Amino acid sequence: MRIMKRLTVLFVMMALIITACSNDNNKSNSTSDAGKNNAAAETDGNKDTGDSKSSGKMTDVGTPRSETLIVDILGGRSPDPDRYNPYVPGAVAMDAGVHQLMFSNLWEIDTQKGTQIPDLAATFPEPLDGTNTKFKFKIQEGLSWSDGQPFTAHDVEFTAKMIADTKELGYNGYFTNLVKSMKATDDYTIEVETVNPETRLAQKLGVVIWGNTFRVMPKHIWEKEDPATFKFSNPIGVGPYKLKDRDPQGNWFLWEKREDWQKSDIGKLVGEPGPKYILFKFFGPEEKRIIAMIQHDMDILQDITPESWDVLRQKNEYAKAWYNDFPYATMDDPCERGMSFNTAKEPYNNPDVRWALALMTDIKNVSMATFGGMLRVSPIQLPPIKVLQDNYHKPMLGWLKDFALEDGYKPFDDSYAAGIVDMLKQQGVEGLPTDQSAISDTFGVGWWKFDPAEAAKLLEKNGFKKDGDKWLLPNGKPWTMTINAPANFEVQSMRLAFAVADSWRKQGIEVNVQQMEGASFWDSESTGAFEIGSYWPACGLLPDTTANMTGWHKQYIVPIGEQAPGNRNRWANDRVSTLLDELDGLPSDDPKVIQNITEINKEFVKGMPFIPMFGTSKFVPVDTYYWDGFQTSENAFEGPWWWWSQFKFYTPHLKPTGR
Amino acid sequence: MGFYKFLLSRVLSFVLVVFIGITTVFFVPRFMPSDPVEAMIGKMTANQAFMEPEAIVTLRETLNESFGLEGSMWDQYWGFVKRVIITQDFGPSLASYPNPVNELIVKALPWTMGLLLISTIIAWLIGNVVGLLAGFLKDKSYSKAMEAISIMIYPIPYYILALILIMLLTYIYPIFPLSATFQGEGFSWEHIKSIVYNSILPALSMILVGTGWWVISMKTLSSGIAEEDYVHFARLKGLSERKIMTKYVLPNAALPQVTMLALQIGTIFNGALITEILFGYPGIGTLIYTGILQADYNLIMGTITLSIIAVAAATFIVDFLYPFIDPRVRYK
Amino acid sequence: MKHWNFRLKLGVLLLGIFIILGFIVPFFYQGNPIEWGTYLKNLKPSKEHIFGTTNLGQDTFWLLAKSIQNSFIIGIIVAFFATLIGVLLGLWAGFKGGFIDRLITVLTDSFIVIPSLPILILLGSLMQGKASLFMIAFVLIIFNWPWPARQIRSMALSLSERDFISTAIFSGQNTLKIIVKEIFPFVAGWSVANFVNTILVAIGSESGLAVIGMSSNEKATLGTMIYWANQHQAMLSERWWWIGSPVVAIALIFIALFLVMTGYQQYSALRRGK
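Listed in order, the protein sequences are those of chains A, B and C.
Under the working numbering, think of the first position of the first sequence as 114, with each following residue one higher.
Under the working numbering, think of the first position of the second sequence as 5, with each following residue one higher.
Under the working numbering, think of the first position of the third sequence as 56, with each following residue one higher.
These are calculated hints, taken from the structure and not from any lab test.
Only a predicted model underlies this, so the values are computations on that prediction, with no experimental measurement involved.
No residue lacks a Cβ here, since even glycine has one placed at the ideal position from N, Cα and C.
Accuracy of the hints is not assured; some may be wrong.
[Unchecked claim] Some chain A residues close to chain C (C-beta under 7 Å, calculated; not the full set):
1. 420
2. 421
3. 424
4. 482
5. 615
6. 737
Just need the whole structure built from these sequences, with the hints factored in.
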């Protein structure tokens with residue numbers, strides 16, 4: 114009897130735990146809401162006057178919730194919240210609001226149009242003579258630093274000189290190879306002399322993707338300091354916000370709108386920023402970040418998984434992603450994901466083998482396993498974002514359809530989009546696009562056929578043999594391979610590696626996925642210590658993608674074991690190199706640029722040093738409970754690039770909801 | 005004179021253990037397939053546009069120089085040993101360059117010590133009381149219930165247990181804050197209050213997961229001792245059960261438990277890793293994690309050397325405490 | 056069987072269920088339960104899939120069975136060797152004293168003082184993802200023998216002061232015999248507890264490694280099953296079978312082992328007539 118009693122206790126306890134978890138979760142919404150209402154009621158009760166507009170909820174840093182925009186920090190906790198010197202490598206967490214709200218660059222990017230726009234500079238560099246080494250540009254007038262000092266061309270000149278004179282700065286090497294001198298001829302004019310002829314100076318000193326290292330620093334503060342050791346603990350910038358408070362532990366940063374916001378770059382170029390306070394805060398692992406948004410304690414989340422978005426969508430009716438319906442995520446991120454080969458290693462030095470692997474990829478199932486089908490395919494070396502799709506993917510369709518392998522086999526399949534839509538319907542997904550062109554805009558122009566038979570032909574031609582259901586290398590040993598993948602960052606690339614491995618394994622190759630922490634992951638790419646990797650050497654944003662492709666020049670190839678400055682796939686292609694040399698001499702807006710880049714893309718299709726698969730799908734949900742006016746597919750004044758320096762350009766669009 | 009001989013040999017082995025430990029710690033990260041300079045270059049080139057090869061070569065030289073990673077591995081080792089012994093300085097952190105590692109550790113140490121010391125000791129106390137009762141008073145129903153609960157919680161993987169706690173107490177019943185925000189500064193009441201408030205949840209998770217093992221281990225020890233002859237004699241002599249428990253069973257069962265506690269306290273720096281990451285707590289665990297992720301040699305060496313010294317010191321002290329707890333052991 | 060107490064019976068029964076689940080049930084499944092996309096995703100439990108399917112299109116039940124098998128293998132190997140090595144060295148050191156004691160103590164202490172996690176991560180990246188389950192077991196043995204060694208040494212130290220041991224030593228019996236006959240019975244109970252604990256530590260460490268992506272995430276273990284479920288937010292999206300079944304399995308395996316252990320102690324105490 115005693116024993117029975119004990120057992121009953123045991124099982125009852127266990128049952129309790131299990132049911133507690135599941136039941137409570139079902140009613141979680143109501144409970145937490147109830148909790149909130151109680152709390153709200155209490156505070157209302159305390160306040161006799163009872164302000165009807167706001168319930169008076171405060172954030173845990175002591176600002177009114179209704180005036181505070183809370184943003185997730187992509188890079189997580191900051192190691193040193195007292196350091197804002199952007200030129201000392203490593204310590205400054207740029208994405209905790211520092212480069213989004215405070216520092217500004219000379220030129221910014223408009224990702225919707227695919228053009229650069231002026232920020233601190235008022236004009237683009239104009240060549241002064243025919244050598245393409247001397248340029249002039251204007252600086253915005255009437256701006257000031259957040260401490261009230263005017264911002265002038267002398268600050269720009271000072272910054273350039275400081276970088277060139279301080280060898281300890283990580284940026285010194287790059288900058289001195291690019292710029293010979295930068296002079297302020299008056300308060301608002303800069304003259305630049307470059308080391309070599311330049312056709313894309315604004316792209317090198319301004320923002321194209323994410324941000325740019327050339328950030329102008331205030332002369333009146335920095336001239337008294339040693340730039341190699343200066344902490345800049347009380348940072349100022351020309352951006353519309355200033356740092357009000359920070360967590361000594363580096364988990365949050367509170368930014369306040371400048372009183373003289375009219376004199377900030379955004380004040381002059383766009384208008385008054387909406388939120389009085391912007392709190393950048395890191396909540397910890399993904400689960401906690403999701404819970405934070407469910408509880409309306411977070412307004413903007415950076416980069417979560419599709420599963421998390423599913424949870425969020427169901428538990429917070431105010432949460433919005435880029436699209437209202439499937440696939441929800443924005444697909445305009447400027448890098449595409451796929452499988453990258455080390456073409457200096459057997460047997461991946463053989464284009465037939467690389468092509469065979471492409472044809473062995475069951476792309477629809479890979480898409481399902483990676484991100485539940487919420488992905489856009491790309492058959493070429495450029496990400497399938499709107500601007501580039503219009504310039505390359507769509508115009509190249511005819512060529513892709515006619516493209517044939519050596520034996521005359523035409524591998525292109527333009528039915529991918531229709532196929533994945535059918536598959537998703539089977540899974541019970543609702544709200545899929547129905548219009549033919551909308552379908553292919555969403556899911557991509559097409560990809561390569563899934564044709565193991567043709568792949569087998571290619572392999573057998575090169576001496577591979579199939580033994581039962583396993584592939585043998587030409588030397589008779591079983592074919593094994595390792596795919597490098599990010600450990601727990603860049604989730605899409607990580608998942609893609611596992612999904613592709615699963616697909617190839619089913620075709621009879623022994624595939625391992627090696628997950629690596631950031632440092633080792635990047636290191637093995639540049640030293641060539643990989644066979645196949647889930648890297649993404651395929652980025653681009655402007656129609657002129659020269660800067661993104663320069664690295665593929667054969668001059669950058671180094672032996673395995675050495676750090677490669679570019680061309681980490683070690684793929685030597687003469688035609689690509691010649692085309693790149695030509696591109697270097699052309700100005701960005703020359704019509705020949707697109708022509709040359711199209712030709713480069715054709716070479717990539719033939720050689721396949723990287724199997725492009727999907728554009729990046731980013732889930733960056735916003736909560737419209739306290740704030741509204743966020744950019745979405747219907748209100749696409751910009752993309753949702755909350756970790757880029759162009760964040761400050763969004764702030765005037767954001768409006769409080771009054772809750 | 006036995007005592008001095010004992011002392012000498014203990015000091016000798018302490019030095020030896022620490023030396024072997026830190027030597028390993030120096031060389032192990034250097035076999036990692038990555039190094040901090042390349043990691044930083046990778047980080048810089050991943051976020052931004054492509055860099056000219058010459059620029060990368062210059063950048064690499066600059067970084068190597070400022071990180072102090074020049075010379076052969078042997079030179080670096082020698083420099084490291086000298087630095088640690090003479091100046092107790094671990095150099096600058098590479099991940100949050102140029103902050104000195106020492107400064108980072110000093111900042112993080114009180115947090116970890118506060119949280120883990122307290123929760124480890126609480127878990128130890130609860131665990132031993134429950135275990136003693138469960139082992140000695142096997143037939144009482146409350147001791148059974150407590151034992152049953154602790155053995156059920158114990159095997160749940162810590163990560164899951166902590167997540168369940170977070171879900172229960174910050175989401176379903178939002179009693180505690182989702183992430184730690186510390187108000188005020190210094191020794192103000194507000195600051196201390198917010199630290200305590202923010203630390204309850206991580207401490208609770210540590211206590212829950214820690215208690216189980218103490219219960220099980222204490223129960224086994226004490227139920228073994230309860231069957232010893234001297235306990236039977238004591239019973240025959242008519243001593244009360246309570247007296248038997250405290251006078252006979254407890255001292256004998258406590259010795260291994262004290263050893264274990266000392267070691268446990270030494271290792272709290274590592275135990276903190278998952279807790280601190282999960283609860284956003286700013287301690288040594290977070291530092292070690294950053295160090296590993298970013299291949300920050302100096303930070304890894306600094307934090308781990310500290311941990312090694314702490315554990316070695318703990319075992320050293322335990323050896324001296326033995327004779328006080330168990331009079332049958334002499335220094336020898 | 057007749058004299059078995061209830062604890063023992065229940066423990067053996069539970070353990071038996073898991074051994075059948077882990078070592079016999081997987082034979083009834085054609086194909087590889089860890090392959091993705093075999094079935095439709097996220098199906099509710101039904102006749103065909105008694106635990107439903109995962110977000111990756113695997114059958115949760117078969118995946119669980121395979122995971123139990125692999126985790127058992129890791130746990131038992133690690134626990135057996137770590138306890139064996141630890142107990143033998145600990146006894147030897149504590150009993151022999153002198154130079155041997157110092158040497159073994161320095162060795163165990165050096166291993167104890169080095170925190171295992173960074174080393175595990177390092178080994179994980181050195182093995183380049185080709186870590187077999189045995190390799191992981193081997194690494195875990197390295198980090199799990201020093202604890203029992205130290206603990207047992209301190210027990211042996213205390214035991215060796217006792218009269219009957221001294222008598223044995225003075226009567227000239229050989230050391231091994233004394234250890235096995237006189238001392239081991241005293242530490243056996245603790246060793247079994249340590250064995251059980253190490254099984255769990257091994258399963259737990261493996262899942263800890265899995266969380267940071269350093270285990271072989273393509274092998275089915277209870278750890279990697281939790282890892283994948285976590286990766287796909289199974290807890291927040293209430294896919295309880297996926298995340299819950301490995302957790303409950305770990306808990307039940309432990310309870311089973313615990314019941315067997317304590318039940319056996321009672322049983323043998325009864326047989327000894329106490």
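Q.
So, against the hints stated earlier in the document, which numbers end up violated here?
A. Result: hint 6 breaks, nothing else.
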